[in-house]
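Chain residues, written in single-letter form:
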Amino acid sequence: MSKPESKQILEGSRAIALTIKNIAPAVVSAYPITPQTHIVEDLAKMKADGQAGFEYIRAESEFAAASIVLGASAAGSRVYSATSSQGLLLMAEVVYNISGLRLPIVMTTANRAISSPINIWNDHSDVMSIRDAGWIQLFAANHQEAVNAHILAYKLAEKLKLPVMINVDGYILTHSYESVIIPEPKKIKKFLPAYRPENGTYLNPDNPVTLGAFFTPAHYMETREALHEDLLASLEIIKKEYREFQKIFKDETRLAAMPFKGNVYSDGLVVYYGPNKPKTILVALGSLNGTILETIKDLKNIGLLKIKVYRPFPAESINKFITRTKNIAVIEKAINFGQAGPLYCDIKAGLSAAEAKNLNIKDYIVGLGGRDVTKKMISKIIKDAGRRDASVKFVGND
Amino acid sequence: MEQIRIHGRGGQGVVTAAELIAIAAFYEGKEAQAFPNFGVERTGAPIQSFARISDTRIITREQIYKPTVLIIQDATLINTVDVFAGSTPDTVVIINSPKNKWPALVKRFKRLYFTPATEIALKIFGKNIVNTVILGAFAKHTKLVSLASLKKAIREKFAAKGEVIIAKNIRAITEDYENAN
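Protein chains in written order, with our numbering: chain A, 1 to 398; chain B, 399 to 579.
So here's chain B without its partners, still in its complex pose (with noise of 0.2 Å):
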């Protein structure tokens, strides 16, 4: 079972995003799962969101400890919050951030990747979103669910918010794909 913790702050979308994951992988036939720990209701609070992915029914209800993806999409939680808490050397870590400033995580994580998704969510939205930008990277480098099918979950979740939203974060979520290696 895929377990994919994800960090950020409130107004950022990280329970979107864990949400468009389970919708993505349920699209390819796959059990999915995710459900937000909310923190108190304001902009700016740390807030971790979680999904699921696995071949079998998925029951349990606990939050995740044993993280098998972590994406931390608020690279100033690292200094703030335990984000890395219960990850292992196999844990991939993607981080929002247009380069390592972390030096000694590289020692830490064998697949740690960066990628800009603020300078992505700026130029496109023109404010730090960047839950489904970040997405672009994780579909890349864990292929545990497809761009295209974090696509079509994009446009099932944001159809009420209409045709432009929907093709801005469409933007965003490949070129950050493209952009990530």
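Just chain A, same shape as in the assembly (with noise of 0.2 Å):
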């Protein structure tokens, strides 16, 4: 157990820079501009303060810091970035790169709008334009949670071989102040051992390997099969993982959880808050669902659905909560020009035929460039759920 006067009021950005710190990488590297967080140059002055071991490579790009990472990290070095909007624009074919190799790289993305028009501000639309580029996906709702996802976010990374990106909202949880628990590096140290990638799967002048070499149209298929697949089987894998955290971390577990006074449902990959028979499932990723909590901590007969893991998708999940009803909300950051919100879209499509028969499903997009989401907006929400109208729309003022 730790101490309860472990427990610090920290701005997010901090907590995760501290948290990365205790984590110890070998590499850390970032392009120091806007759109940067805080976490970046916290870490920049911990290495300069002596405070931390790791190398610190300030990049001339985005695209570049991607790029150092992949090569720290195909050098068998545990490896760490953080990016935002453009940013990670930038780096996208370095993401996809990164997942082809299987590197176990952990990167954070501070979820902001992507131009243009120009806009610093929060929304999810960076993240979701490299949402299936073959990397875990997972967000955090307040500081607590991302704390634990990015020790929980190695861990994966390590033993699956699989990169892991934590999606934070940019100014929402990376500008706020709350409470915040970090573990010490000896207890992370109990879950997440020291990096020691097997001989043989790393560049070593010792044992020369060939890594992201040429596939001909006789083996690339089975690549991204594989992938594919072992995404997919990461599911369960998770789950145990965060089983396993639980037990290690228990204060952290429990500062992490938003406080309920009704039935509440975990599995590591969604949280379901609310009856066992609601009249409407709101479900939402991120920050968002601490205001929607607020909202409906008094209804009796709605429920909420927050999605930590949202790459590789727990259709069977959440499918096993929103079945319960017949009016679901999806209450979203992103919009998929032309088509719906992507959270809409993949629940829509994690649905067997029978199963989404009788569904009511909804799709709200919010808070896009940093448009503050109200609790009167969610109320309005919940009000329209129930109607059979238009499935996409825009919530934007009260």
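Since the hints were derived computationally from the structure, they do not count as laboratory data.
Predicted model only: the values in this text are computed from it and were never measured.
If a hint is listed, it holds; no wrong ones were tucked in.
Listed below are several chain B residues computed to face chain A (Cβ distance under 7 Å; list not exhaustive):
#, residue
1, 417
2, 421
3, 431
4, 432
5, 433
6, 434
7, 455
8, 457
9, 458
10, 460
11, 461
The following label-pair restraints were derived from C-beta to C-beta distances:
#, chain 1, residue 1, chain 2, residue 2, range
12, B, 559, A, 250, 33 to 39 Å
13, B, 576, A, 6, 32 to 38 Å
14, B, 464, A, 387, 27 to 33 Å
15, B, 559, A, 71, 36 to 42 Å
16, A, 41, B, 544, 29 to 35 Å
17, A, 190, B, 496, 54 to 60 Å
18, A, 206, B, 565, 54 to 60 Å
19, B, 441, A, 259, 37 to 43 Å
Virtual Cβ for every residue (Gly too), placed ideally from N, Cα, C.
Dock chain one against chain two, each of which comes alone in its own frame, and use the hints as you go.
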């Protein structure tokens, strides 16, 4: 048990930076300009002050930052980077290379809008552009969940040889202060041992190997299928590792959980808050869940399904809960232009014809480019969710 | 739950003020949250920041629309921004001004306070950075956090800035606290 005094009040970015310091990657690389966060700024300072042992490499662009951690990871090192918005878009090519090379890279994305028009504020447009790039995608709803997700991410990445991205809402989480526990390195080591890649799986002059070679039509397709299958298979491992995490990080698990007086079910992939037979279930990613839960806390017939793991898509866990109701309101901070919101599309695709038959699934696009999502908006969505009309709506103003 | 909204301009330390309130409340064993509403990143642009203090966990992320406390760091905003939006007669209003230049506000708010934060800031820092200063009046009038906790928060938050800066800020907040009545 950690002592209660280990609870601190910190900026979200600072909490993540301290966690990364304790996880002790060997190489950190980032491009320090807007859009960036205090995460990499704090890590640079820790390095300059002699508090951290990692190599800190300032890159000349986000593309270079991603390439540097790719190279360092291919050489067998534990690595870290963080990005946001346009930065992630510029990294896109490397993001695909990383998953194709099966490198256990962990990166934080401080979710922010993308241009044009220019906007520096929060939404999920950035990550949605690379959500299908073969990375595990985790979303955090508060500071403690973000801290916990980073520790879990390294365990998953190194065990599964899959990259993991942790999504934290820009400004809303990165620039806010709230209480959080930063686990000590010793405690982290109990869950996450030092990274020792197997001989022959990384670039090593003493044992030369080739990574990312040329694959002709005779073999390329199998690599894609394997990545897909491994991602899907990771769902069970994520659940198992989350159970292990909870055993070691009891206080951290408690502080990450949002208080709710009704029933709460969690399997590590999703969390459901609410009655067994609700009238409507709201579904959301990230920090939106806090405001939604605050709005529904006294409503007896409304449930909330918080998605913590977005890729691989936990369709089975989601369907288990959403088939308990008729009305489902997906509330999300991104739009696939010319289609609908990405989470809405995923949820619909994850249902069998029989399951989907009686469901009225609606999509509410909120909070784009930093528009504040209010309790009033959520109440409006709850009222609208029962109506069988246009399935995609932008809820921008009270 | 106490909901504190701070209005000021870029460069006055609007965001830091909310953070200091949250840090001080945390020291007193309360649940606290602080976050900014950044405008564009330029000096002088109107900015808001928010702090919540509660006995129970705070999970909402929405901005503050019904403030229980309003801190107006820059009184020129009164005529340009709806700084009083969502307030009630019970909202505690603290304005950076040596005296009341807005007679209509007396009828509107039961607890309306003025404090010469700019004068104190100019005297101590030589520039109009009023964020820590006005928290003296905030502590005195609202009693939501003690002056001692705010001083501790200043030491923590400004640790990297060095002893001279910390001492000046503590002198400034103390003077504003003692000045407030």
